Amino acid sequence: MSGIDDLKNKAEGLAGKAKEALGNASDNESLKDEGKADQVKSDAKQKGEELKDKSTDAANKIVGSAKDD
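Residue 80 is where the sequence shown starts when you use this note's numbering, and the numbers rise one by one after that.
No lab work stands behind these hints: they were computed from the structure. Computed from a predicted model, the values in this text were never measured in an experiment. Be a bit skeptical, because a hint or two may be false.
[Stated by the list, open to error] Below, a list of computed lysine-lysine pairs in the DSBU-like style, where the Cα atoms sit at most 35 angstroms apart:
#	residue 1	residue 2
1	Lys133	Lys111
2	Lys89	Lys120
3	Lys124	Lys87
[Stated by the list, open to error] Taking CB as the label site, the calculated pair distances span:
#	residue 1	residue 2	range
4	Ala100	Glu129	24 to 32 angstroms
5	Lys87	Lys115	16 to 24 angstroms
6	Ser105	Gly82	30 to 38 angstroms
7	Asn103	Gly127	27 to 35 angstroms
8	Gly127	Ala97	18 to 26 angstroms
9	Ala100	Ala123	14 to 22 angstroms
Note that the Cβ used here is the ideal one computed from N, Cα and C, for glycine as well.
Using the sequences and the hints, build the whole thing.
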């Protein structure tokens, strides 16, 4: 995962937490729900990037071991 994507995902998650907290403080269910949704979206992106990285690493190991043979 690129560092920039990682920072964007973390920023989105933090913004979601802030929205949720503000929604709780102001008794605004819509803002609270939007904050939760932002956090879920951020988590999903993070997991997708991690899966992509693991797939790339596995493919590189296979290609590397094939070249050694």
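Verification of the hints:
1. For the proposed pair Lys133 and Lys111, the alpha carbon gap of about 33 angstroms is at most 35 angstroms, so the pair holds.
2. Pair hint Lys89 plus Lys120 holds up; C-alpha atoms about 11 angstroms apart against a cutoff of 35 angstroms.
3. Between the alpha carbons of Lys124 and Lys87 the distance comes to roughly 10 angstroms, so the proposed pair stays at or under 35 angstroms and holds.
4. Range check, Ala100 to Glu129: about 26 angstroms between beta-carbon atoms, so the 24 to 32 angstroms window is met.
5. About 19 angstroms separates the C-beta atoms of Lys87 and Lys115, a value consistent with the hinted range of 16 to 24 angstroms.
6. Roughly 34 angstroms separates the CB atoms of Ser105 and Gly82, a value that falls within the hinted 30 to 38 angstroms.
7. Taking 27 to 35 angstroms as the suggested C-beta distance range, the pair Asn103 and Gly127 conforms, at roughly 28 angstroms.
8. Between Gly127 and Ala97, the C-beta spacing of about 23 angstroms keeps the proposed range 18 to 26 angstroms intact.
9. About 21 angstroms separates the C-beta atoms of Ala100 and Ala123, a value consistent with the hinted range of 14 to 22 angstroms.
Comparing the model with each earlier hint shows no violations; every hint is respected.
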